[in-house]
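Novice: Sequence:
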Amino acid sequence: MKKLIYALRFMTILPIPWKENEDLVKVSRSSGVFPLVGFIIGFLLAATGLLFRHLLPLPVIAVTQTLLWIFLTGGLHLDGLSDTFDGIGSRQGREKTLEIMKDSNIGAFGALALISQILFKYILISEINKIAFWLIIIPPVTGRWGQLISIYYYNSARDSGMGKFFRDYIRKYELILGLLITVAVYCLLLPLSGLLILPIHALLIVVISSGVSRKLGGLTGDVYGLICETGESATLLLLLLYYSIIGSPVYSEVLNQLIHLFLQ
Numbered sequence: 005m006k007k008l009i010y011a012l013r014f015m016t017i018l019p020i021p022w023k024e025n026e027d028l029v030k031v032s033r034s035s036g037v038f039p040l041v042g043f044i045i046g047f048l049l050a051a052t053g054l055l056f057r058h059l060l061p062l063p064v065i066a067v068t069q070t071l072l073w074i075f076l077t078g079g080l081h082l083d084g085l086s087d088t089f090d091g092i093g094s095r096q097g098r099e100k101t102l103e104i105m106k107d108s109n110i111g112a113f114g115a116l117a118l119i120s121q122i123l124f125k126y127i128l129i130s131e132i133n134k135i136a137f138w139l140i141i142i143p144p145v146t147g148r149w150g151q152l153i154s155i156y157y158y159n160s161a162r163d164s165g166m167g168k169f170f171r172d173y174i175r176k177y178e179l180i181l182g183l184l185i186t187v188a189v190y191c192l193l194l195p196l197s198g199l200l201i202l203p204i205h206a207l208l209i210v211v212i213s214s215g216v217s218r219k220l221g222g223l224t225g226d227v228y229g230l231i232c233e234t235g236e237s238a239t240l241l242l243l244l245l246y247y248s249i250i251g252s253p254v255y256s257e258v259l260n261q262l263i264h265l266f267l268q
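Each residue of the sequence shown is one higher than the one before, counting from 5 in our numbering.
By construction, these hints were calculated from the structure, which means they are not laboratory data. No residue lacks a Cβ here, since even glycine has one placed at the ideal position from N, Cα and C.
Computed Cβ-Cβ distance ranges for the label pairs, DEER-style:
(1) Val64 - Arg95: 32 to 42 Å
(2) Phe56 - Leu192: 16 to 26 Å
(3) Gly215 - Lys100: 12 to 22 Å
Can you make the complete structure from the sequences, with help from the hints?
Specialist: In structure tokens:
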């Protein structure tokens with residue numbers, strides 16, 4: 005429970021009391037429950053959709069959920085996304101890129117990335133709500149699981165900062181715990197075949213993390229934000245593709261044939 009409180013304090017703006025003498029090691033080792041924080045965020049988003057489903061048009065509900073998503077996280081990961089795009093988009097050397105990423109001012113590349121991400125997310129949410137409102141629970145969980153892969157397997161590009169804290173103190177235990185929570189959510193909300201989304205998502209995270217790590221000599225807290233945001237959008241897209249496939253007549257016919265062969 006303490007780990008969940010630490011993680012909620014760090015990753016959301018939910019009104020949980022903060023202690024000035026917080027142990028940063030314990031905060032860092034709360035990473036294993038990041039997917040559980042994602043579940044809470046997703047649950048609130050799904051509840052919002054269900055609450056307004058008979059009162060507002062779907063596009064308005066999607067806008068509300070998009071804004072609530074940003075509000076609940078305080079724009080934490082969007083900030084990381086914009087900073088990372090500003091740095092990499094500058095096409096400078098490693099040190100200059102890291103310096104640009106640390107700058108609190110947003111540049112052209114960061115602004116474009118920010119606008120594109122919010123717009124893309126809104127469109128995907130609009131479509132996913134047509135299938136089921138509760139599906140929006142899955143992307144926040146998956147995006148935060150993807151962060152654990154990046155934190156555990158890639159070195160830190162900086163010698164200090166919260167990102168390095170998470171990298172230094174994450175253990176295999178946190179990685180496994182995060183995976184178990186994520187798999188449990190998938191089994192709860194999707195057919196068993198929906199687990200296929202996870203290795204595809206993991207591959208995407210490895211590709212992004214490896215590319216950025218080669219550029220920066222490791223990853224930073226800002227990059228972890230990028231990983232979460234792109235992971236959430238990718239999961240929304242993968243969910244749409246998944247349901248377009250399993251809902252197709254071809255898939256249904258193949259499934260019926262397999263069931264028929266099994267019963268014979």
